[in-house]
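Undergrad: So the protein lines, in turn, are chains H and A.
Sequential numbering from 28 applies to the first sequence in our numbering.
Sequential numbering from 3 applies to the second sequence in our numbering.
A hint or two may mislead.
Claimed, not checked - In silico lysine to aspartate or glutamate, EDC-like type, Cα no more than 20 Å apart, as pairs:
1. Lys242/H / Asp305/H
2. Lys370/H / Glu193/H
3. Lys191/H / Asp112/A
4. Lys139/H / Glu403/H
5. Lys27/A / Glu193/H
These aren't lab readings, by the way, just hints derived from the structure by calculation.
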Amino acid sequence: MTSIEYIIDHSPALIIAIPLLGAFLTPLVSRLGSRIRNVFVIIVAMLTAFLVFLLASDVFSDGIRTYIFGSQDLTTPVVRILFEVDGISIFMAIISVLLSLLAAIYSWSFMKKYDGLDKYYTLLLLMTAGMLGMELTGDMFNFFVFLEITSISSCALIAFWTHKGEAVEAGFKYIVVSAVGALFVLFAVALLYGQYNALNIATLANTIQYSFLDKIAFVLLITALGMKAGLVPMHMWLPDSYSQAPSSVTLILVGATQASLYGVFRMCFTLYGGVFADGILSSMTVGWFIVVLALVTILIGVTMAIIQTDFKRLIAYAAVAELGYMFLGIGVGLTAMGTSYGKTALDGGVFHILNDALDVGLLFLVAGSIYYATKERDLDRMGGLARNMRYTSMFFIIGLLAVAGMPPMNGFASKLLIYESTYQLSPILSIIAILSSILLLAVFVKVFHSVFMGPELPRFRDVQEVPRSMLLAMGIIALIIIVIGLIPGIVVENIVQPAANSLVNHLDYISHVISIGGV
Amino acid sequence: MIFNIPFIAVAALIIIGLYAVIFRKNLIKTVIGITIIESGVNLFLITLGYREGGVPPIYTNLPEDVSIPRGMVLPVPQALTLTSIVIGVAVLALMLSLVIHIYRVYGTLDVRRIRRLRE
């Protein structure tokens, strides 16, 4: 066995262990100086990213990989936790690790002037570990633990600027929502454990009967995770926390929201996948329910975005609308399960997760840069910034085109897949989706005009372009956006389709665990 | 019927906690509500872990007729409850520290007077 195979073998554990260890080493390392600490955090994030990509190449070529913590043999009482990595988990892990690496790079200059940064970086890495754990684990209770790790650290990061009342308020709102949501998840886990005496997702999915208690557990899981993913009507915390958190934190927060979204997928498609496949619960019912909620999410997100004057709050509502598109793709995929356009919708929905993280993330970083340069967040008080901030305005154009789904950006590729498939289900749905997209474009063109265009304001005459680390982070995202926009076919074939297939083929997920003894 | 009492208590605790979270105007009472929900869920887990006629899995203290591992209770729910209690303490501490910060900035704990974040 070569050393690279050895690393791949243990990478599911290392991907969690490295950021976790790095998080608690950060306060020690920061005694050596701020520059060394920043380099250390970026190296830890890069190492994690490297392992994730290594594992991804393995999973995409050889299929599902499991990792056993605890007893390897089945003779004694089996006390163990399984990590199970399939297409969709590694797809989400790529997104999370990319976002946290970029956030670490962006923070270098963005957070420079503030103190308490050793705690900031500790929480940042802890949040990374939490998100990755949620995505890689194959165990219900473990999922709950990582969910709580993610919520606690992200709440502390949202309220990082404690001198601002709004930030603390948003943090409190977030922790209330996530604490109640996580307790519901735990309650559902207990319901399932009490009936089937198992905590492993695959083992549970293999034996699930869809009894009355399972229905309750299903509703609790989907509502709690949907609430954490910001699905309307449970989105009220999202604009608050997205807009009040520091921009670098918002970037990872997008990833944390999507980790909860992954939870919804895992529960719908794997845990209750057999229930849908056997027709005990019609996938039409749940599918249409999600489609309607998704349309409401899109409409509310877009219409609320129009009336905002706070830059980051506006983007946050646009992010709500984007979430709607993902749910639309998934909902249509569920409604038309088994047909070819249902598969296309699922591909589009999964693809849009990646694109949304990049597009909305880029816009948040631009908003953060504007705040860094001008200390201003009110759109009505800005103007003429394109003169002094050339690169930032360029990145904003890329981001706005991508969010609005204009070719040749990546948002276009995934939205086209969603429109196409939705049209075959019902033309009205896709018309609403397209119109909302156009509205989104209008909103952002307005923003672009009021922030970057117009006469030079005397207050902003001395505004400087933001430092290099922030430009680098934005530049990397912009580059990925354009590359994906130019070669969407390759991305869909190599990354998105395996992820979407692993959602559909829940039997593979189950049989892999049964083959190593279950539990 | 008598064995259902813990489950009734679980339902009552969760509903009382939810009521406090949703309808109470004081932030401290919201926090208390969340801890009540948490106690309800923990009680539920512990109740599930009870097996009639089971023997606690303490290897040095086993009765004569029990062989390992047969007859012993697998202490998974207890382990889950311990973990969940620890997590609950962390969440509680974080929430209370946020409440302290809110009180410093706003000078009140009434949610109706704290809501600066509107539309």
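Undergrad: Against this structure, judge whether each hint is valid.
TA: To see whether the hints hold, each was checked on the structure:
1. Of the pairs offered as hints, the one joining Lys242/H and Asp305/H holds, with about 16 Å between alpha carbons and a cut-off of 20 Å not exceeded.
2. Under the criterion of a C-alpha separation no larger than 20 Å, the hint pairing Lys370/H with Glu193/H is inconsistent with the structure, at around 43 Å.
3. Restraint check for Lys191/H and Asp112/A: the C-alpha separation of about 18 Å stays at or below 20 Å, so the hint holds.
4. Under the criterion of a C-alpha separation no larger than 20 Å, the hint pairing Lys139/H with Glu403/H is consistent with the structure, at around 18 Å.
5. Taking the CA atoms of Lys27/A and Glu193/H, the gap is about 18 Å. The hint holds against a cut of 20 Å.
In summary, the structure is inconsistent with hint 2 from the numbered list given earlier, while agreeing with all the others.
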